[in-house]
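Chains as they are written, first to last, in our numbering: chain A, 1 to 382; chain B, 1001 to 1077.
Honestly, the hints are just simulated from the structure, not real lab data.
Warning: the hint list may mix true and false statements.
[Unchecked claim] One-sided and incomplete, this derived list gives chain B residues near chain A with beta-carbon spacing under 10 angstroms: (1) Asp1004; (2) Pro1007; (3) Arg1009; (4) Leu1015; (5) Gly1016; (6) Pro1017; (7) Glu1018; (8) Val1020; (9) Arg1025; (10) Ala1029; (11) Asp1052; (12) Val1054; (13) Gly1070; (14) Val1074.
[Claimed, not checked] Here are the simulated SDA-like pairs of lysine to any residue, each with C-alpha atoms no more than 25 angstroms apart in a straight line: (15) Lys214/A to Thr1064/B; (16) Lys214/A to Trp1071/B; (17) Lys232/A to Val1020/B.
[Claimed, not checked] Ranges of calculated distance between the beta carbons of each label pair, as one might list FRET restraints: (18) Arg344/A to Asp1004/B: 49 to 55 angstroms; (19) Gly317/A to Trp1005/B: 44 to 50 angstroms; (20) Gln1058/B to Asp200/A: 39 to 45 angstroms; (21) Gly1061/B to Ala352/A: 49 to 55 angstroms; (22) Thr1050/B to Asp200/A: 49 to 55 angstroms.
Where a beta carbon is used, it is the ideal one built from N, C-alpha and C, also for glycine.
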Amino acid sequence: MNRPLGMLAELTYACPLHCPYCSNPLNLADYREELSTADWRRVLTEARALGVLQLHLSGGEPLQRRDLVEIVACAHHLGLYTNLITSAVGLSPSRARQLKDAGLDHVQISFQADDQALADGIAGARAHQRKLAAARLVRELGWPLTLNVVLHRHNLDRLDRVLDLAERLEADRIELANTQYYGWALRNRGALLPTREQLDRAEEIVRAARRRLKGRMEIVYVLPDYYGPYPKPCMGGWGRQQLTVAPNGDVLPCPAAHVLGLPRASVRERSLAWIWQDSPAFQRFRGTGWMPEPCRSCPRREIDFGGCRCQAFQLTGDAARTDPVCHLSPDHWRVAQVLRAVNREAEPVTLASLVPRTRAGGRPPARSADLSEPAGSHPPGR
Amino acid sequence: MRLDWDPVRQRHVLLGPEGVLLLNRTGAAIVDLCDGRQTTAEIVERLRGTYDHVDVDQVRGFLTRLIARGWLEVGDE
């Protein structure tokens, strides 16, 4: 069995932003009982002993945790490479200095768009100006800077200007990730999915920018898997390289896996080593033994590992089926149907049709199109 | 980017925002010599002080792969 390389520590689901593509669970209120500082110290110590080398501190907004500096210091002391994934809201100069002194290795700041009005509209908060200030602060303190921008129908056409912004901020890297449809994003899928035409233009812009910025800025571009021929190798394989610890101590093979209803594995009750090696949740889809056809006999079975279990569950109701985004999946028609609808729509979809992430669970979708999923798929919390 | 010794796996690792690279002994020795000042030729020369057979093309190929993946940068000097 492999040892895990990376751990995603979701410190809290509290967040000042309300992005409609948030990958956090819809039932945010169920996660208020957060792990204590002492709990996290123990979890990090166990993680290092298990082989984890890279720690991603995320949420929600990790800066909302008052003990973030202590958690970073502990991780650094253990020899973990620490990466803060943040909206940057709350990254004051003094807090940034403390994090730097505690040994934080890398900062990744999310941007919603290049334009303030659009960015703040998507985030549902006045955050854009603060992000700009925080990005400059990160550079001043000598950290490497990564920007990450979640792409969707409402900002994809501005990709060239997003890249200009990254260049102005002297980012070392930019991650341009098309929305993945889990949590709030699945709920808003009909209004977030870009058209094929938008994607073709975006790819051209990325190609040109890569040529122009070679050696200066690295551009990571993640295609939306709905449009790809094969599924993504989700988490590099189930229980193979990565694990996630949710704010309440639940341990999951991937951050979306709470939807699967697998037997609960919590650091409040068990050691991280037991959970990784022996828990039913981590064993369930490890390796290739669980695979159905067409995965079982597919030459790509150890390239994409059957794709994403959560996506299979969300689109077919059965987590053990081939990821329907794969063109070989017998359920692929479900994805094709969604794409046909998106590419056929005549009227423009506006920002107002998106359901913002809220603690209460969000108001009902404004558009009935959001409910037009194929039979058998029930997004969580509906 | 950080070169580190992992006591759990008993091997050198390169740590960065991209992820983790598990290195073998010679890989670690090469990365250790990358200080932004030495040329590939100088790195090869230094390696020859420690190892019997050093293949220039292999070292160059290894460094090229690391640069292409953003793990190393070519220094200014």
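Outcome of the hint check:
Given hint, Asp1004/B at the interface with chain A, holds; its Cβ is 6 angstroms from that chain's nearest Cβ, closer than 10 angstroms. Given the 10 angstroms rule on beta carbons, the hint for Pro1007/B holds: about 8 angstroms separates it from the nearest Cβ of chain A. At about 6 angstroms, the closest approach between the beta carbon of Arg1009/B and any beta carbon in chain A falls short of 10 angstroms, and the interface hint on this residue holds. Here the hint on Leu1015/B is kept, as its CB sits about 4 angstroms from the closest CB of chain A, short of 10 angstroms.
Using the Cβ-Cβ criterion of 10 angstroms, the hint placing Gly1016/B at the interface with chain A is satisfied: the shortest such distance is roughly 7 angstroms. A cut of 10 angstroms between beta carbons decides the hint on Pro1017/B: the least distance to chain A is about 5 angstroms, and the hint holds. The interface hint given for Glu1018/B is met, as the beta carbon of that residue sits about 8 angstroms from the closest beta carbon of chain A, less than 10 angstroms. Because the beta carbon of Val1020/B sits about 5 angstroms from the nearest beta carbon in chain A, less than 10 angstroms, this interface hint is met.
Proximity of Arg1025/B to chain A is violated relative to the hint, the smallest CB-CB distance being about 18 angstroms (cut-off 10 angstroms). Because the closest C-beta pair between Ala1029/B and chain A is about 20 angstroms apart, greater than 10 angstroms, the hint is violated. Annotation: Asp1052/B was flagged as interfacial toward chain A, and the flag is violated, the nearest CB pair being 31 angstroms apart, outside 10 angstroms. Of the supplied interface hints, the one on Val1054/B is violated, with its beta-carbon coming no nearer than about 27 angstroms to a beta-carbon of chain A, more than 10 angstroms.
About 5 angstroms separates the beta-carbon of Gly1070/B from the nearest beta-carbon of chain A, less than 10 angstroms, and the hint is met. A least Cβ separation of about 8 angstroms between Val1074/B and chain A falls short of the 10 angstroms threshold, and the interface hint therefore holds. For the proposed pair Lys214/A and Thr1064/B, the alpha carbon gap of about 14 angstroms is at most 25 angstroms, so the pair holds. Under the criterion of a C-alpha separation no larger than 25 angstroms, the hint pairing Lys214/A with Trp1071/B is consistent with the structure, at around 14 angstroms.
With a C-alpha separation of about 19 angstroms, the suggested pairing of Lys232/A with Val1020/B holds against the 25 angstroms cut-off. Between Arg344/A and Asp1004/B the C-beta distance comes to about 52 angstroms, which sits within the given range of 49 to 55 angstroms. Between Gly317/A and Trp1005/B the C-beta distance comes to about 47 angstroms, which sits within the given range of 44 to 50 angstroms. Distance hint check for Gln1058/B and Asp200/A: the Cβ-Cβ separation is about 40 angstroms, which falls inside the suggested range of 39 to 45 angstroms.
Range check, Gly1061/B to Ala352/A: about 54 angstroms between beta-carbon atoms, so the 49 to 55 angstroms window is met. Between Thr1050/B and Asp200/A the beta carbon distance is about 52 angstroms. The supplied range of 49 to 55 angstroms therefore holds.
Checked against the numbered hints listed earlier, the structure breaks hints 9, 10, 11, 12; every other hint is satisfied.
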